[in-house]
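J.: Read top to bottom, the protein sequences are chains E and P. Numbering-wise, full-length UniProt numbering puts 365 at position 365 of the first sequence, and it's gapless, one number per residue. Numbering-wise, full-length UniProt numbering puts 116 at position 116 of the second sequence, and it's gapless, one number per residue.
Just to be clear, a hint being listed does not mean it is correct.
One copy or two, it doesn't matter: identical chains are merged, so the pair holds either way.
Distance condition first, Cα-Cα at most 27 Å in a straight line; then the derived DSS-like pairs of lysine-lysine [said to hold, decoys possible]:
(1) Lys206 to Lys284
(2) Lys226 to Lys293
(3) Lys418 to Lys206
(4) Lys193 to Lys320
(5) Lys226 to Lys193
(6) Lys320 to Lys136
Source of the hints: derived by calculation from the structure; they are not laboratory data. This structure is a prediction, so every number in the text was calculated from the model and none was measured.
Protein chains: 2
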Amino acid sequence: MTETNKPAPGMNRRGFLKAGLAAGGAAAFGGAAFSGAAGAGESDPLITEVQDWNRYLGAGVQAAPYGVPSAHEAHVVRRDVEWLTASTESSVNFTPLHALDGIITPNGLCFERHHGGVADIAPADHRLMINGLVDKPLVFTMADLMRFPRENRVYFLECAANSGMEWRGAQLNGCQYTHGMVHCVMYTGVPLKTLLDEAGIKTNGKWVLAEGADAAGMTRSIPMEKALDDCLVAFKMNGEALRPEQGYPLRLCVPGWEGNMWVKWLRRLEVGDEPWQQREETSKYTDLLANGKARRFTWVMDPKSVITSPSPQMPIAHGKGPLVVSGLAWSGNGRIKRVDVSIDGGRNWTTARIDGPSFSKALHRFYLDIDWDGSDLLLQSRALDEHGFYQPTKNALRAERGENSIYHNNSIQTWHVKEDGTVENVEVS
Amino acid sequence: MTETNKPAPGMNRRGFLKAGLAAGGAAAFGGAAFSGAAGAGESDPLITEVQDWNRYLGAGVQAAPYGVPSAHEAHVVRRDVEWLTASTESSVNFTPLHALDGIITPNGLCFERHHGGVADIAPADHRLMINGLVDKPLVFTMADLMRFPRENRVYFLECAANSGMEWRGAQLNGCQYTHGMVHCVMYTGVPLKTLLDEAGIKTNGKWVLAEGADAAGMTRSIPMEKALDDCLVAFKMNGEALRPEQGYPLRLCVPGWEGNMWVKWLRRLEVGDEPWQQREETSKYTDLLANGKARRFTWVMDPKSVITSPSPQMPIAHGKGPLVVSGLAWSGNGRIKRVDVSIDGGRNWTTARIDGPSFSKALHRFYLDIDWDGSDLLLQSRALDEHGFYQPTKNALRAERGENSIYHNNSIQTWHVKEDGTVENVEVS
Chain E
1 MTETNKPAPG MNRRGFLKAG LAAGGAAAFG GAAFSGAAGA GESDPLITEV
51 QDWNRYLGAG VQAAPYGVPS AHEAHVVRRD VEWLTASTES SVNFTPLHAL
101 DGIITPNGLC FERHHGGVAD IAPADHRLMI NGLVDKPLVF TMADLMRFPR
151 ENRVYFLECA ANSGMEWRGA QLNGCQYTHG MVHCVMYTGV PLKTLLDEAG
201 IKTNGKWVLA EGADAAGMTR SIPMEKALDD CLVAFKMNGE ALRPEQGYPL
251 RLCVPGWEGN MWVKWLRRLE VGDEPWQQRE ETSKYTDLLA NGKARRFTWV
301 MDPKSVITSP SPQMPIAHGK GPLVVSGLAW SGNGRIKRVD VSIDGGRNWT
351 TARIDGPSFS KALHRFYLDI DWDGSDLLLQ SRALDEHGFY QPTKNALRAE
401 RGENSIYHNN SIQTWHVKED GTVENVEVS
Chain P
1 MTETNKPAPG MNRRGFLKAG LAAGGAAAFG GAAFSGAAGA GESDPLITEV
51 QDWNRYLGAG VQAAPYGVPS AHEAHVVRRD VEWLTASTES SVNFTPLHAL
101 DGIITPNGLC FERHHGGVAD IAPADHRLMI NGLVDKPLVF TMADLMRFPR
151 ENRVYFLECA ANSGMEWRGA QLNGCQYTHG MVHCVMYTGV PLKTLLDEAG
201 IKTNGKWVLA EGADAAGMTR SIPMEKALDD CLVAFKMNGE ALRPEQGYPL
251 RLCVPGWEGN MWVKWLRRLE VGDEPWQQRE ETSKYTDLLA NGKARRFTWV
301 MDPKSVITSP SPQMPIAHGK GPLVVSGLAW SGNGRIKRVD VSIDGGRNWT
351 TARIDGPSFS KALHRFYLDI DWDGSDLLLQ SRALDEHGFY QPTKNALRAE
401 RGENSIYHNN SIQTWHVKED GTVENVEVS
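With the rest of the complex left out, here is chain E (with noise of 0.2 Å):
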């Protein structure tokens, strides 16, 4: 793979937008205005129809005091992926990524991953304890826990098996099931820091183990120097109480780490001197190598993209000419700094353009602008996050890690392009 950075073949970013509109099914219009304040012209067929809709008053505002989006997105939902689970309860479903744009995703399509199905708390009956190697033991309600200051924090949080079918090869056609185990919000909650000073960590104590109130009581270890960092007990999320399939009443959020770690409906918190081996960090969340041997604790979620749009359920409809290159990029180990995109399957590259607040640990919204020869592409693209590490190939993974493992799989990934604007999940070699 080479390393030129030079703009790959057909993306001439010079007058596009005056060559393309022609192509684009922009009509240029000749004259006749719409029938509107600001004057009546020719009638035309077309603006008579578009027109329609200003006739009707249309809904008043006590329609929906908790609004829905319109009929005409419906289409954009969470979905699941039936032979991938056995039951509900203990299943899984997947952000709507090629839909959507920006860093911020809805609550109401931040994906689901539950083990024991939703808890349904009622916040006035819960309780946070902190208990085990510290000063003095505590529980707090949801009030008490309003009491401390607060901080606010866009995070991006990763299933560690987001991607994980794609390990032994294209699998699944689009990137809402290939890697929709993703979502970034706006969180409100208290620095887990500032509960354990309040309870006094004993000098023994090194690792906070996070338990939640759900059926499968989910817990998982956390080393200290990680709790003291950046954690934060979360209890809103883009403004509102969290959702019921995101912890409501109160999540932990352990920034940059995979997403089984950010235990939903949490309930106790315990300082201990060293991990508790749950279930969560020994038989599953470790990623088996080739030879036998398992990796453990593998918590940072490494630098990652995925090209969004045009993708397998975003096909190309309009033809050559401008084409918007939209998708996403995020690394565990703090901000993205560069986005390589590439459509000959990683033999070029050309940096995107990164828009959007760029927040440490968020996901970042890359676009690459380009014109479209109406020819096939293999669109890539490769994240290089501040601390300089890269995305690998999907080979390169392999080669350092064989194919035993569902987890952790920040690989590129390949869109095939085809000339009709239809779009494959494949494999380069």
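Start from chain E and add chain P according to the hints.
T.: Using the frame of chain E, we list chain P on its own:
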């Protein structure tokens, strides 16, 4: 009003957490543990109760492809004021600011203001026309617009009439009603400049008329300097398609300027050499002064802030001790530089902590963490923006603009916190 910025009475920050928790209801817990993964301990009635919900499998992932809030949050909805408007189609409801945190407003809670109801538009049939003093009149489909380079920006949107009822005195008891005609989301769209450049602005083109496809045919004149500066033709909010009540499928963003200009269901942009003097910029959305003359084209939303908690809808339920005073500040001029909070009706001011992102022309979240001594408070907040503009007192605003106006009330709001923790909307002289 003095400018001391010294800590106000009762604001001793040191050690307040230790002191406060004893008063605050977090019980010291004497060694018994949950009968969970970490081993069984002595039982406790409270702990037994809170363990109950992990005995049952919760709901599965397919229950709600598009997720909704917990039933326990059913009170967090947009609300209207019944007597305020004659019909629901030309009415308003209000963002529940008191119940939110951070700076992002969830799409389902963004206030609505319509003049002819919510237009029901099929995006495939929608068109945006650019006509008037341009070299090449154009009509765009939604698909055409998706081919231009995009931007992602977080902006507040405030109705010019927000807080309008308060001009003549404290009337509405709750910040949802006094200040709830504001929201803040991340927009994705195409710069208006890009589209105008595509059509080619003639040299005498100095104004742009934005026209909506709703029954009200909302139309506003925008000076070309603003149109070419930071306006966006947006199709997404917080990542997903615009909500119907926010202009689906297309709205104009006019950052920092009054919400009425952010034309929803955008269907036409006409370039002209002077403003159009539309109803919404002559009969309405002008500010009648005491002398009978009206200020016109008062576009910018001046610096403003409000304490969202405690507030009339968010009384203090926990008694004395640690109290999080939280609020929002914003300015149509740019970033918020500082927010001061007073607990004594404006005699002394303490600088609040702004937390979370600080974007130009976006909401800012501030906190003041105090130790409440249980006495009466007269809570106020005062915003200062990066250009040195301060939020005025209500009396200062009246002295300048009289009492005839409804629009552009950005004055300091006062909440009277009583000894029992209830909060009332009051005025201080």
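J.: Does each hint hold? Answer for all of them.
T.: Evaluation of the provided hints:
1. Lys206 to Lys284: Within one copy only: 23 Å inside, 64 Å across.
2. Lys226 to Lys293: within (26 Å within a copy, 62 Å between copies)
3. Lys418 to Lys206: neither (54 Å within a copy, 45 Å between copies)
4. Lys193 to Lys320: Between copies only: 24 Å across chains, 54 Å inside a chain, cut-off 27 Å.
5. Lys226 to Lys193: within (10 Å within a copy, 46 Å between copies)
6. Lys320 to Lys136: between (67 Å within a copy, 22 Å between copies)
When held up to the earlier numbered hints, the structure conflicts with hint 3 and nothing else.
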